[in-house]
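Chemist: One-letter residues, chain by chain:
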Amino acid sequence: MRHNHREFLEFYEEIKQKLFTFLNYRLNFNTVIAEDLMMDVVVKAYENFEKYNPDRGSFKNWIFTIANNHLKNHWRGLKKEMLSLDELEEKGIFPSVQADLRKTHNDIDQAKVYRALEGLSESEKEIIIMHYINDLSYSEIAEIMKKREGAIRTQLSRALKRFRKKYEALYPNEYEK
Amino acid sequence: MSMKNNELKHIEGLLRKSPQFHLSKKQDEKILKALDGLHVLKARNQVTPDRSFHPFMLLFKGFATVAFVVAIFFGTQYYFNKVPTETTAPAQVAGTYSEHIRNARVALAKLEMAITGETSFSFIAMAVAENEDSIEVDENLISDLTEEMVEETQAAIESLGETTETDTLDEALDEIDELQTDEIEVLVGVSEVIEGETVAETVAAALDTTIEQQEAISESIYEVDRAIEKGEKKTVIQIKKVNFENKRKLVQENIKKAVLDGKREKDFILEHAAEAKVRHLVIKEKRLQNKILHAGQVLNKSTEDLSDLVKQGATEEEISDFEEHMNRLRSAVEADSPEILGDVVREARKELEAKKMELKHRFESLSEEEKVEFKEKAEEKKEAYQERVEEFKESHPEVKEIIIEEKAVIKEEALKPEQAPIQKEVPIKEVMIEADVELPDKDEVLKTEEDVPNVEGELNRLELEKRIAEDRSVIIHKIIEHIRDLPPEKQAIIKARIKDLPLDKLKMVLAEVIANYRKRMEEE
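Top line first, the protein sequences correspond to chains A and B. With the working numbering, letter number 45 in the first sequence gets 45, and the count goes up by one each step, no holes. To convert, take the position in the second sequence, counting from 1, and add 177; that gives the working numbering.
Since the hints were made in silico from the structure, they are not lab data. Small disclaimer: the values here were computed from a predicted structure and weren't measured. In this text, a Cβ means the ideal position worked out from N, Cα and C, and glycines have one as well. Heads up, some of the hints might be wrong.
Simulated restraints, written as ranges between beta carbons of each label pair [claimed, not checked]: (1) B:Leu209 with A:Lys161: 40 to 46 Å; (2) A:Lys165 with B:Pro664: 31 to 37 Å; (3) B:Glu700 with A:Lys146: 51 to 57 Å; (4) A:Lys161 with B:Pro196: 21 to 27 Å; (5) A:Lys165 with B:Pro196: 21 to 27 Å; (6) B:His654 with A:Glu50: 57 to 63 Å; (7) B:Asp648 with A:Ala169: 15 to 21 Å; (8) B:Glu553 with A:Asp36: 54 to 60 Å; (9) A:Asn73 with B:Glu553: 47 to 53 Å; (10) A:Arg56 with B:Arg193: 26 to 32 Å; (11) B:Lys203 with A:Glu14: 16 to 22 Å; (12) A:Asn48 with B:Ala646: 52 to 58 Å; (13) B:Arg695 with A:Val32: 57 to 63 Å.
Hey, can you work out the whole structure from these sequences and the hints?
Modeler: Laid out in structure tokens, this is it:
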């Protein structure tokens, strides 16, 4: 039976930031829920740690798979209580774009990216966040989502195109000279 | 203006630069504490295993209790059946308990079916045997436990169902949507290609490089010529000159090849996109038919409901609300009428045929060698396309059947004789002859618009117009894209003239504009 407390803690230290970032983005920056789910996911992983087989993939992929499934169950159960960016701004959880205008150019761009992300479907958001924000490779995402690498590439390119369209629709004058 | 690759890269860059979030120290500590707690608990369990903490054990204990009660009930029932008595209370009690037990049994049976492997009945029986002695008869406890068991079991079954079938189904449905989006995207891709961006850019890049090379070579040749004039190392220089000439020929051939490849690429995409468009529309039409059939049934039902309402003496307001609801439903059905879509499908088919003919002519004009090469390349591309489809089907066996079903629909449609009524072909004037722009008069256009096959009928005009307006704006945009190289005044005339053209005319103008655009490009 595989159970090594120390080993798990080492793994946890390695992935905690990425995992939390992933959950936070997927939950539209609702940090309170993200923290709760982080706890659930880590505990679930710990309880099932003996089932983790390093020959079948990295710990990171394994725990991301758990997190992904947990998110699905969470939304199913709570009927997706997600706040829009506007609501988040109102609650002061996410800085408003107006406020961002006073910041650096990069921050403004970033806020725009968030807005465009918000307009995507969950599956599109999921894959974009995994690849660009969590820096997971195609093969890692394929492993987590139990799909072929080719399918992931196609899905990602499609998601990026949709993202581009959303971005363009939100900020039509952005690139017009 | 559409965003180009560098803009896309910019966005990719922004996404990559998105900030990472840090778990708060407090939450981190909480997690670590929880893990430590679990560690201690696990360690303790490993030393003195106490299965009563396990949720399944609780379930088994419950089952054991229930089993015990079953025995009592059967005994009681047996007793009351054998010894007739006027007292009914024990029978009622037994009835209530039997219900609980039946529920629990059903739930357990379901659970057993749902969870395969270890948690079989034999295992449960073992647990019952182990705990039998410790069971105390407490009616309330039994009742509570039974209910709890039923709830837990049902929750377990539901969660099992959710994490397996629903997920797969959801994914399957998502993928179907994506598959269709793919088809639409092919069309979008085509419009880009038609605009000459993709192919032209590739060819232009190849041309730029080769032209640079050519210029460099020409310069060298010039220097060589001058050297010859001066009589310097005449023979060596002459050899060099021949080499340069050869290189130049090679470069020219490369340019020709690049242009040809670009054209082939475009042909392939055009052909496939047109096919994809027809396929997509046919599927959409079939689905709409089903939707309308269903909506029709709902409408019939609603009519019955309405007459019931009247019979029941509903107020005028209630009836009018209901009628309004029905009208909305009817409008929705009519706005999506497959008849309209049918026209679009037929039109798309016509386009497809025209494109195929065009490709055929172009193919015939190739040399034998080029034909072979063309076929090979087309085969390669088809294989790649097929591979992608196969890959998708393999990774999603559950979707396969749906695809097969859709294919059957397509096949059925393809076998149908062309049902399209012969549309009145309104000859459109030569839209653009070189720089001379000649479009139909606005008045004439408006007149012919009335001659367009009547699609109004019972349709909701506003809905229809909204859809047409969307299509129109796309086509107008494309036309404008293809006249950008014309003098501004010509562009202005065209823009003014197309402003009020009906959709079918706009499409014809677009075809003309593209043809003329290509012609100009080729001549250049």
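Chemist: Any of the earlier hints contradicted here, and which numbers?
Modeler: none
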